[in-house]
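Protein chains: 4
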Amino acid sequence: MVPRYSRPAMTAIWSPETRFGIWFEIEAHATQALADLGVVPQSAAKALWNWWATNPQIDVAAIDAIEAVTKHDVIAFLTWVAEHVGDEARFMHQGMTSSDVLDTCLSVQLVRAADILLDDLDQLLAVLKRRAFEHKLTPTIGRSHGIHAEPVTFGLKLAEAYAEFTRNKARLQAARADIATCAISGAVGTFANIDPRVEAHVAQQLGLAIEPVSTQVIPRDRHAMFFATLGVIASSIERLAVEIRHLQRTEVLEAEEYFSPGQKGSSAMPHKRNPVLTENLTGLARMVRSATIPAMENVALWHERDISHSSVERYIGPDATITLDFALARLTGVMDKLLVYPARMQKNLDRMGGLVHSQRVLLALTQAGVSREDSYRLVQRNAMKVWESDGELSLLELLKADAEVTAALSPAEIEEKFDLDYHFKQVDTIFDRVFAD
Amino acid sequence: MVPRYSRPAMTAIWSPETRFGIWFEIEAHATQALADLGVVPQSAAKALWNWWATNPQIDVAAIDAIEAVTKHDVIAFLTWVAEHVGDEARFMHQGMTSSDVLDTCLSVQLVRAADILLDDLDQLLAVLKRRAFEHKLTPTIGRSHGIHAEPVTFGLKLAEAYAEFTRNKARLQAARADIATCAISGAVGTFANIDPRVEAHVAQQLGLAIEPVSTQVIPRDRHAMFFATLGVIASSIERLAVEIRHLQRTEVLEAEEYFSPGQKGSSAMPHKRNPVLTENLTGLARMVRSATIPAMENVALWHERDISHSSVERYIGPDATITLDFALARLTGVMDKLLVYPARMQKNLDRMGGLVHSQRVLLALTQAGVSREDSYRLVQRNAMKVWESDGELSLLELLKADAEVTAALSPAEIEEKFDLDYHFKQVDTIFDRVFAD
Amino acid sequence: MVPRYSRPAMTAIWSPETRFGIWFEIEAHATQALADLGVVPQSAAKALWNWWATNPQIDVAAIDAIEAVTKHDVIAFLTWVAEHVGDEARFMHQGMTSSDVLDTCLSVQLVRAADILLDDLDQLLAVLKRRAFEHKLTPTIGRSHGIHAEPVTFGLKLAEAYAEFTRNKARLQAARADIATCAISGAVGTFANIDPRVEAHVAQQLGLAIEPVSTQVIPRDRHAMFFATLGVIASSIERLAVEIRHLQRTEVLEAEEYFSPGQKGSSAMPHKRNPVLTENLTGLARMVRSATIPAMENVALWHERDISHSSVERYIGPDATITLDFALARLTGVMDKLLVYPARMQKNLDRMGGLVHSQRVLLALTQAGVSREDSYRLVQRNAMKVWESDGELSLLELLKADAEVTAALSPAEIEEKFDLDYHFKQVDTIFDRVFAD
Amino acid sequence: MVPRYSRPAMTAIWSPETRFGIWFEIEAHATQALADLGVVPQSAAKALWNWWATNPQIDVAAIDAIEAVTKHDVIAFLTWVAEHVGDEARFMHQGMTSSDVLDTCLSVQLVRAADILLDDLDQLLAVLKRRAFEHKLTPTIGRSHGIHAEPVTFGLKLAEAYAEFTRNKARLQAARADIATCAISGAVGTFANIDPRVEAHVAQQLGLAIEPVSTQVIPRDRHAMFFATLGVIASSIERLAVEIRHLQRTEVLEAEEYFSPGQKGSSAMPHKRNPVLTENLTGLARMVRSATIPAMENVALWHERDISHSSVERYIGPDATITLDFALARLTGVMDKLLVYPARMQKNLDRMGGLVHSQRVLLALTQAGVSREDSYRLVQRNAMKVWESDGELSLLELLKADAEVTAALSPAEIEEKFDLDYHFKQVDTIFDRVFAD
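Chain order of the listed sequences is L, W, R and Y.
If you read the first sequence in full-length UniProt numbering, its first letter stands for residue 1, the second for the next number, and so on.
If you read the second sequence in full-length UniProt numbering, its first letter stands for residue 1, the second for the next number, and so on.
If you read the third sequence in full-length UniProt numbering, its first letter stands for residue 1, the second for the next number, and so on.
If you read the fourth sequence in full-length UniProt numbering, its first letter stands for residue 1, the second for the next number, and so on.
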């Protein structure tokens, strides 16, 4: 976890206090279920919840001090609780194994993390939708291979991003469901010393599903799928970040990350306004993605479990979720305040001297009865002049001055082929597809 | 693609013949839609389908020869088709861009690949279910950290695998839906020169959904999710493969890959029967997983597209699907014929001299009124003798010979604590959870 | 292996014929050593070499047919050799294990692959050096964050690439040495049934070092290092490819992949000249990199070996080396013929109206006695006009027309600050550093 | 960075205090060089060093507070220094760019990290060497595929690890050299405003080489190689960790992680002594490896630099080095105190009833004149009995009781074939190879 790429709510999920709090709730719910089954006295559950109702401060240092002696984190925690709850605490954890607590706790943490990320996505989607409609018909050049192709609108670019993050939201909802399970099944998952109804109760109280069959642990394919999904979302962040970085480069400058009026990019160079936020997002995407393979390597634990997954999860659990949360929020901020320059978009559209329209003129000539070969020749000889002028000449003007062309098409007919709106007639259709509920 | 790790049906999906066949269908369906919209003559569509009805041989070499001249694969293909269909073929591809064909074709290929993989999963699941019920109550030792823990059944191990691959099936179904889209939207996705109804028709004919908004290409987050999902499935394969490899090692030998009666593991060493299939699966899992990151790196194409994704997909499209298909089939074969040795499982269970039952005796002594400290001391002094004998001594016999123990528990009561069935009383419950429909 | 990204010499290394040929040489050299040690008759070695001297055709199909029966590749090969060499062949392979042949063969293949790659690097370096000197003083704008910063020369960009690939060459030489070992040490590496002098002889004949201690196999950390090194080289390819892609984009167009005079980028759009080769290289880099993690996962084989590495190497051995060879050659071709447009570079340099020189004017004013605050104000008020004009106005002209500025600096003094050569005075120094032998 | 997997010395390298301290040294050395060149007054350099000689406390909070205003870390630092050094500080940083400081600082940090890691490797090597000689001739079974193969010694296993980590040390030395460069070359690497001799001086003072050609930054192929090398070392750690985990499993138990006499593995189960340290190392290896791909993705920065690498390095710089340092130290501790059980090794060697020697008997019968077919039949019929007895019967005893066998070989001759030392006759040779200086 790198503090500068962290936000408080997500970071709090991974604090020791939160973890111990979740442990307590798991143990207390389990004790309640055991009491309801008559295995332990009702007074035990009551004592736990009564103490919890006092909203006790969790003393991480004290628990750590006990762990330094016992060398066992769950036992240390239970000991500390017993010191405060008293004798009734001895009924806690009966028939359970440490992993029951640890793994169910991780599920709760990942579910909470997913909920924050889903909220992040909603906020990003809202911004993308607003900006997409704002620029629904703002013309800009579409590029393939970095080379001008044909006109699009800036709103279409944003609609694409909206559609992509809508897909990501659905994927994250699926991944959230995948890790939202609870296992309270004992040392090797057989429920030898604990009734499955305890698991069912804890699961229900925590908003989790029961794990149909666990070993000592919840199977790690669930977590692998979760982190792989975060990696896909991060890749989508990178895509939009790279788009902004391209649009901001000096020669293009069709959009910029927000720059406050008084802000200085460089004390010496007034032209320096760098897309540092989206560059940063590009790097953060690499990091979130990098959790994917270790998470997959964690799946093949030996037999009923080994503990190799644990250290990996101590890194990627916090890192991947905190970083993705930060990145989504940063991207939302960038898109919210993005400076968009339609005039420059138009200037870039025009910089090829109208060559983007050559295809339509070619077609019109053919339809007007000129042979395909002659049509091509006529368009090309004018297009080449424009190309060689580096966009200084105008294809429209040249065509209108070419007698062979005007013999087939009137100036008005030629002009009509340079109409940008021709390209945008389906924008409504596309927006309807993307933004329909 | 490595031939020895390939099966014909999956490999065929990636052959040039298949690809060109799908291209033809996309073009012909599109022409039909254009004809229905009155953009091209009905005779054009009819000519295409009439020719196709003759089941023509696709001449890959001829198309390649044309591409060597035109330097453009789609144009080469269209030219070759035109040579056979005749003049009516000139109406093909109108308003379309090459990527419309290429990307929709890739969707069809990945959908077909997913269907084979889903079928593979069904076959694996059927085998796992059969073997799980066969060994539902076959006792075996559960291990954490590679160390004996408490008893489980071999059927439970297989039920876990069944549950895991059931999850993988659901994930693959979602991933299949994710890449099952069709884009026929022109050079930059604006439908400038083609009606969206053409896309809708082609999609419907090919069993795909329309891509709500495309650029020049279908967005690559879809493919990233697809390949990441294959990576998760591969990791589950690795998990089961590693389990078999462990069970087959000389000192454990609780199960073995099938070995035909006359087969020789080694001409000199009759004891060599190596788990080579599951070792192989471990390696194949690494390869399938390795497609994940490149697929994610493909997402951030520049602007409306660059072509950097293409070469990546030429590798991972065939490799990841062919390898996973092979691996699933191989795993199914291994599990189908797996030699299971219940006697050896029992022997291993017993090799600790009954120490796995020490916890229950401890509890019983406590419940019989012996203090916890004394109970622990009594059990431990006998357990230690067993431990030091390397399992030669029997904990049960020692306890029955310990006067302090028998003062609290009768021999029958002690014996009852050594009952394996105690551990298996919830196996039915777990099986009901896992195998319920 | 994808044929379109393959070149014959590298591909040949991985053919069955080559592999069997190397096997033969390993076996024959070993037999010779055994004969020299008196373990087998000299006639055996002689028979092998005599047959080999007839340059026999290796019949892969015949060997495969034998393997289909024996289920063992090395035994099948030995059987086939024996069919041709006759009875003396029975002395082959004495005391050896299959892995002795397989692993030493892989070393030979990787060494040969490394040699081709080193040659590729030499060719790339030669081209980069030539073009670097050609454009040693061609001015172009240096960019950070994609934003204009200060002037550099195009030759400097190429010198950087040269230095980077020089480092890569040194790394590859180290990686080559790392995998250039020979192991002929028997079933578990103890030389129980074969004298270490056999290994020494084979190693010496094949230009390999002896493996100081092997298990059944050559340790896979060597191969991991090799493939990781290829991944670094691929990343450097990506860097240069991305640079070209940026330079070719419509708005920049400072350089282009070669385009033959008559070539058409698009039948309809004369402005389409796409950087498809460097985009392709970007994708190929992702693939070469993707071999790194599987190669590292191969290191932790169980005990004296398991065979999980083998399938991984069947993919990445050919794929990573063939793809990198192709990519290096393609990059060399791109750089060799790269169209460079100095005029456009100058135009882009000028497009900020001379703002890149603002810092030097600021300093000059200060040195001429104007306070730092006033200096900044004077420069900024002119710079802002230029900035707002989108480079239409000239900073130089505005400064020369600003009475407060000219009160401190003469027009000649101002002009001197707009001298590009100021930035290039150390280019010789840098070139000396980079290109010194 | 996860505190529980961190050691103080390595962690300190990445503290803000250390970073600012290195920044100061870079700036002060540069100022000294500028003074020696007459660009700034000698008094400026003197003022800086005089202040530094007072061993001032670096006030991170104060610097952070300034950065909160200036939004620029290097400027904030320079401002803070100026507050303490006074007016002379204004000569600092002249002609330099922030990256000159940041990148050179990173080089210093990585060099220091490499030095700690090299020291870690030396300590590990010393332990491995000591234990290797201790068990040079301790017989144990060699296993391929997890199946008993032929005898080795435990010392040989350790010699292999020693050789592997010796290679890793050489690789790390190369990687250290790769990142040990200094760049003080200005905004785009042209030395436009700073003399290259400043760079040379700073480099020399910090024990770095000059970067022959930089852009704004030190090229990231250097860092990619560094982190890839750490990934290879981590993979070797995993290999040895997996070996220990295998040896400790209940059925094998040939070695164990150290367990203090009074320690409890489990309060209930005396047989639970889990290889948790080596399992942990397996997970840590995955994490160190996961830095490789992001480090490679960092190479292709746009043009003269973008800042996408920076966030990646904020994670992997500390994480990969701190984790690897911890892992090496943990592995050294494990190997130092490893409990080795020669008796159990012998027992496992014997558990196949002597089948590991069958090959030698076969050969001896042949050499005694029995036909190969008969020899095989004689050995096999006895070997099969042993195999079916699960090692209860002894191959040696059976052979000595087989009249057909004893007709060809005397009991003494048979016994001689069961001599383990036969397998160990080259151990000296191998040790000489591995441990020779």
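Hints in this document: simulated from the structure, not taken from any laboratory.
Quantities reported herein were computed from a predicted structural model and do not represent experimental measurements.
Take these hints with a grain of salt, some might be off.
Quick list of the computed label-pair ranges, beta carbon to beta carbon [claimed, not checked]: (1) W/Asp122 <-> L/Gln205: 31 to 39 Å; (2) W/Glu404 <-> Y/Glu413: 32 to 40 Å; (3) L/Ala209 <-> R/Ala68: 23 to 31 Å; (4) W/Asp119 <-> L/Ala68: 29 to 37 Å; (5) Y/Phe259 <-> W/Tyr422: 23 to 31 Å.
Backbone N, C-alpha and C define an ideal beta-carbon position, used for all residues, glycine too.
Hint by hint, here is what the structure shows:
Here the CB-CB span from W/Asp122 to L/Gln205 is close to 36 Å, well matched to the stated 31 to 39 Å. The given range of 32 to 40 Å is broken by W/Glu404 and Y/Glu413, whose C-beta atoms sit roughly 56 Å from each other. Judged by the Cβ atoms, the range 23 to 31 Å given for L/Ala209 and R/Ala68 is violated: they are separated by roughly 49 Å. Checked against the given bound of 29 to 37 Å, the beta carbons of W/Asp119 and L/Ala68, roughly 55 Å apart, lie outside it.
Our hint of 23 to 31 Å for Y/Phe259 and W/Tyr422 holds, since their Cβ atoms are close to 29 Å apart.
Figure legend: structure checked against the earlier numbered hints; hints not met, in rising order: 2, 3, 4.
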